[in-house]
Amino acid sequence: MADPRARLQRIAEENSPNTSHFERTVIWLMRGFPLAWIALAIAISIDLLVFISAVLGARFIVDRSCDTGTIRWSGSAT
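So that you can map any letter, position 69 of the sequence shown is 636 in my numbering, and since no number is skipped, the others follow by simple counting.
It is possible that some hints are incorrect.
Here are the computed distance ranges between Cβ atoms for each label pair [unchecked claim]:
(1) GLU580 to ILE611: 21 to 31 Å
(2) ILE594 to PRO571: 18 to 28 Å
(3) PHE600 to GLN576: 44 to 54 Å
(4) VAL622 to ASP570: 45 to 55 Å
(5) ASP630 to ASN582: 47 to 57 Å
(6) ALA608 to ASP570: 18 to 28 Å
(7) GLY624 to LEU575: 30 to 40 Å
(8) VAL593 to VAL629: 37 to 47 Å
(9) ALA621 to ALA573: 28 to 38 Å
(10) LEU607 to PHE627: 27 to 37 Å
(11) GLU581 to ALA621: 35 to 45 Å
(12) ALA569 to ARG626: 51 to 61 Å
(13) ALA610 to ALA569: 26 to 36 Å
(14) LEU607 to ARG572: 28 to 38 Å
Keep in mind the hints are simulated off the structure, nothing from the lab. Every residue, glycine too, gets a C-beta built ideally from N, C-alpha and C.
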C-alpha cells in the first residue's frame, strides 16, 4: 500500500499553480476521466475539420488556376 503522505504530496503537486495545463490534461487522461477524453476527441475533430477545409480550399484555388492559366491568391489584384 502506498504511503498516504506521498500520495497527498503527489496530489498537491498535480494541483499546484506551477503545474501546466498540459500536465494536468495528461494526468486526467491517464486516470481515465471521461470528460478529458471527450475534450481530446473534440479538439482532434476540430483540427481535422480545419485541415480538410484548408486542403479543399487549396485544391479549389489550384483547380481555378488551371482554368485561367494563372494562380490567383485571394486578396491579390487582378
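- Can you name, in rising order, the numbers of the hints this structure does not satisfy? Hints 3, 6, 7, 9 not satisfied by this model.
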